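S.K.: In the order they appear, the protein sequences are chains A and B. The opening residue of the first sequence carries number 69 in the working numbering; numbering runs sequentially from there. The opening residue of the second sequence carries number 69 in the working numbering; numbering runs sequentially from there.
Derived by calculation from the structure, the hints in this document are not laboratory data. Treat the hints with care, as some may be off.
Heads up, the list lumps identical chains together, so a pair's fine if it works in one copy or across two of them.
[What the hints assert, rightly or not] Taking lysine-lysine pairs in the DSS-like style, the calculated list, with each CA pair at most 27 Å apart, reads:
# : residue 1 : residue 2
1 : Lys97     : Lys153
2 : Lys153    : Lys81
3 : Lys84     : Lys97
4 : Lys152    : Lys97
5 : Lys152    : Lys81
6 : Lys84     : Lys152
7 : Lys84     : Lys153
All values reported here derive from a predicted model rather than from experimental measurement.
Number of protein chains: 2
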Amino acid sequence: MTLTGTQTEIFPKGGKISAEHCIGNAWMKLLVPNDGMLHCQVGNVVFEPGARNNWHRHPGGQILIVTEGIGYFQERGQPIQIIKKGEVINIPPDVEHWHGASPESECTHIAITTNTQNGIVVWMERVTDEVYNQPANGN
Amino acid sequence: MTLTGTQTEIFPKGGKISAEHCIGNAWMKLLVPNDGMLHCQVGNVVFEPGARNNWHRHPGGQILIVTEGIGYFQERGQPIQIIKKGEVINIPPDVEHWHGASPESECTHIAITTNTQNGIVVWMERVTDEVYNQPANGN
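Same shape as in the complex, but just chain A (with noise of 0.2 Å):
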């Protein structure tokens, strides 16, 4: 079977992550802006094959729900862990982490950012190859 095709995608594919962020193509739909009530902000993010984001971190911490295709995941000074459709990955505040797709599969996850109030993202510098092509640990 194939990862793209009949697929089941629950979201629109949103707009596209603006290259400052991200290497390669990437597309953001918002579902939850943040407010001062909930303190979440919740988006639908597509990745293309070989795109990731930056490094970054969340002030307030981050869930990330994978709900189609196979991704990469890396936390700082942790080697790359594959994530998967059904998988979830809890980022602690303030914890320096990039996520995409794999070289050879779309990754969609669902990213929870939350404790708004602390903050949303700060940005760092980007994911060079050489880090994106490091073994990947997963299953």
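With chain A's structure known, arrange chain B on it following the hints.
M.R.: Below, chain B alone, put in the same frame as chain A:
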């Protein structure tokens, strides 16, 4: 690769929800347990046609993301709202409500309980057939 069949289920069904809080069959797979760091609890809920939870409220609010099927959502004092795959519902803190499947379709949603430092859920009375069978608004 091992994504099973042509299926669209993202998560396993999880455990049956207690009949104390629900009419009909519903299942919950806990994706993110509550903790003192992210202050969010995330679960995937599957309702069989006709199933619905009791009236309840969340002291910190909740976000519902419908990923499959057609469901019902009602806030106290408002008409029943039909909710569908790809729709998102924001529930402010302490607003009394219930949700479930529509009479003829299963409904699956991700439930993100927010600001859990304020509490998770307060359960109330059952949603009677009289309430459930009111006319529903939707598109």
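S.K.: Please go over all the hints and tell whether each is borne out by the structure.
M.R.: Hints versus structure:
1. Lys97 with Lys153: Result: close both inside a copy and across copies, 18 Å intra and 15 Å inter.
2. Lys153 with Lys81: Close inside one copy (17 Å) and across copies (15 Å); limit 27 Å.
3. Lys84 with Lys97: Within. Shortest intra-copy distance 9 Å satisfies the 27 Å Cα cut-off; inter-copy 32 Å does not.
4. Lys152 with Lys97: both (20 Å within a copy, 17 Å between copies)
5. Lys152 with Lys81: Cα proximity of Lys152 and Lys81: in one copy and across copies (19 Å, 17 Å).
6. Lys84 with Lys152: both (22 Å within a copy, 25 Å between copies)
7. Lys84 with Lys153: both (22 Å within a copy, 22 Å between copies)
Violated hints are absent here; each numbered hint is respected by the structure.
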